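Required output: the full structure, derived from the provided sequences and hints.
There are 2 protein chains.
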Amino acid sequence: MTAASATLDTLDTPCLLLDETRMTRNIERLNGLMARHGVQLRPHLKTPKSIEVARRVMASPQGPAAVSTLQEAEQFAAAGVTDLLYAVGVAPAKLDRVLALRGRGVNLTVVVDSIQAAQAVAERARQEGAGIPALIEIDCDGHRAGVQPGHTDQLLSIARVLHGAGCLQGVMTHAGESYGCRSLEAIADMAEQERLAAVTCADAIRADGLPCPVVSVGSTPTAHFARNLDGVTEVRAGVYVFFDLVMAGLGVCSVDDIAATVLTTVIGHQPDKGWILVDAGWMAMSRDRGTAKQPVDQLYGLVCDADGKVYPDLLLAETNQEQGIIKLRAGSGAVLPDLPLGTKLRIVPNHACATCAQHDAYEVLHSGSRDIVAHWERFRGW
Amino acid sequence: MTAASATLDTLDTPCLLLDETRMTRNIERLNGLMARHGVQLRPHLKTPKSIEVARRVMASPQGPAAVSTLQEAEQFAAAGVTDLLYAVGVAPAKLDRVLALRGRGVNLTVVVDSIQAAQAVAERARQEGAGIPALIEIDCDGHRAGVQPGHTDQLLSIARVLHGAGCLQGVMTHAGESYGCRSLEAIADMAEQERLAAVTCADAIRADGLPCPVVSVGSTPTAHFARNLDGVTEVRAGVYVFFDLVMAGLGVCSVDDIAATVLTTVIGHQPDKGWILVDAGWMAMSRDRGTAKQPVDQLYGLVCDADGKVYPDLLLAETNQEQGIIKLRAGSGAVLPDLPLGTKLRIVPNHACATCAQHDAYEVLHSGSRDIVAHWERFRGW
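For the record, the sequence lines run as chains A and B.
Those letters in the first sequence? Residues 268 to 649, by the working numbering.
Those letters in the second sequence? Residues 268 to 649, by the working numbering.
Relax, there's no trap hidden among the hints.
Copies of one chain are not kept apart here, so a pair can be met inside one copy or by any two copies together.
Heads up, simulated DSSO-like pairs for lysine-lysine below, C-alpha to C-alpha not over 30 Å straight-line:
id, residue 1, residue 2
1, Lys594, Lys540
2, Lys560, Lys540
3, Lys560, Lys594
4, Lys576, Lys594
5, Lys540, Lys611
6, Lys594, Lys611
7, Lys560, Lys576
Since the hints were made in silico from the structure, they are not lab data.
Quantities reported herein were computed from a predicted structural model and do not represent experimental measurements.
Pasting the structure below:
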């Protein structure tokens with residue numbers, strides 16, 4: 268049963284729960300921070316992949332927002348979002364779908380980080396007789412894609428190619444390495460590194476006589492702890508809408524802020540081993556083990572009662588496809604709770620983006636209530 | 268484009284490719300082995316989750332087959348499969364859906380491993396006035412669920428509860444620890460351990476005067492290397508239909524047997540680092556790192572050209588949500604191939620069950636051809 272008349276007691280398991288009270292608090296927190304900085308937030312919708320969540324996280328029903336796939340762009344565009352950044356380097360073969368969306372009135376911006384990609388975008392723009400807005404990706408931290416900040420010749424070559432076809436919109440960067448920081452101070456330093464890389468590159472483009480109206484930065488950790496955002500025109504962040512154990516491990520949120528959890532049912536016990544078996548395996552949780560590299564490894568997640576209260580040191584320790592093994596943290600002095608067959612539990616996940624992607628819908632409830640107030644569908648694919 | 272008129276060149280990426288030539292060879296190999304043993308194969312459909320694949324892997328359109336969720340049972344039942352084992356310990360709250368399927372003529376068998384679960388099944392069977400066939404799970408290797416082979420009192424108590432309500436069908440076990448074996452000899456030993464645990468428990472039930480017609484064992488490794496299957500009535504295996512790098516690392520198959528791969532496109536380069544960026548991230552591959560514990564860690568997968576030829580020592584080394592970083596294996600003397608923007612590649616995954624679950628369909632082709640001959644949908648959920 269997944270109808271809006273359901274409760275925690277009647278839901279089939281495993282399923283994905285969304286605590287809207289917590290989600291709203293998370294949204295308001297970052298909105299407040301961005302308002303204080305005077306910078307526009309462009310929420311990244313790769314985390315929710317749901318129009319219902321998108322409407323609550325965006326500043327207006329039209330956006331702005333960022334997406335990680337053209338499928339997301341198409342789905343959100345169909346629901347009325349018109350200001351979208353496709354924040355992954357665009358493959359030339361994907362420009363047909365980009366142009367189809369732009370032809371339907373969606374202001375979709377693409378990202379490039381090479382002369383070849385810029386030329387492909389510029390060539391299509393000339394063929395179409397209309398610019399395709401593009402941001403140049405800057406590699407602020409060696410994390411993945413982007414022009415190196417010192418490579419000014421390359422940066423300007425790309426900028427000129429884009430500008431020549433009316434496509435140059437600005438620069439963007441993402442401090443993915445902020446996920447590896449070990450203190451809030453380090454996150455704030457990373458935010459400054461992210462800001463400086465983007466602003467320096469924007470200034471170099473402007474010094475060459477070219478326009479650079481957009482300076483886009485962001486990751487959930489840096490968005491929350493940036494000391495200043497001078498020169499930045501927009502901040503992107505995604506996972507903050509739900510948060511997760513990786514973010515809690517970084518100190519960006521507390522476990523009580525985490526809005527998305529997996530509801531599961533006890534299906535067995537191995538008393539000799541101190542194991543409780545549940546019907547949430549890796550299919551329900553994903554294989555993400557993002558806390559494995561953090562000081563406190565949460566294995567496949569923290570175990571809570573059905574109402575969301577965390578059991579001390581109780582972890583989803585191992586997963587098969589459709590079974591999970593719950594046990595106490597190694598070395599814990601806590602007592603294994605008595606959780607009979609059929610008991611419902613919630614698992615707090617490592618990584619909201621990955622866990623939510625395993626589910627087709629959110630069962631929405633409010634903090635402190637067992638009533639499911641809404642069923643919000645997710646989509647997926649490319 | 269995902270129509271049957273597509274080719275490797277026109278497919279949008281990332282997407283899931285299925286080499287039907289290899290799949291057919293894999294199916295025929297295990298069918299041949301089981302025929303030699305004279306034992307029925309019950310293929311596990313949790314890997315394909317596709318009726319098109321199911322029809323090719325099952326002995327008849329009606330089955331037999333195993334499933335890991337009731338959603339699978341319902342989907343395959345709707346497509347005409349009538350002999351199904353739900354091979355995960357059943358939660359009492361799921362018996363409604365079990366009975367609904369049985370009421371539609373599906374011979375669905377459940378699994379229990381405790382008195383409590385057996386009582387729940389027996390009670391519902393009495394209420395319905397008809398037995399619910401159940402197998403008792405045996406823990407042959409300490410891997411997850413099941414009655415310990417030495418706990419004969421517990422085994423017989425469960426058997427009596429089930430028999431009293433006309434539910435006792437037999438025993439089942441799964442040697443999940445075979446995935447950790449380091450030689451084919453060790454796998455064959457594990458197969459014998461799996462067989463012996465099941466047969467011994469079946470004999471104990473029969474010695475108590477109770478029936479035990481079904482003795483069900485299996486995992487892909489043990490199914491392929493069992494020396495004998497005396498006393499076993501059926502073997503279950505799933506991932507063999509596609510195989511994957513974990514199975515290749517175990518020596519159960521070769522890389523050239525792996526039928527399911529992910530097609531991806533080059534979207535950028537970081538030449539200073541020897542990185543090639545592609546549009547297959549963890550969303551397309553899953554977060555599964557099953558080879559991490561093996562002697563040769565394949566990271567997120569082996570990289571092939573679009574036609575499936577493996578590049579020496581080229582790995583999908585890191586993944587973000589929608590981006591992957593390809594680089595040479597550490598210490599390799601191989602030369603990074605020149606793969607320009609837009610080049611299509613195939614990635615051979617660690618774990619077929621997990622990677623396929625990230626996709627909604629298979630794009631089917633034959634070995635040596637670039638034509639997509641079919642588009643087979645997958646389903647998911649619970």
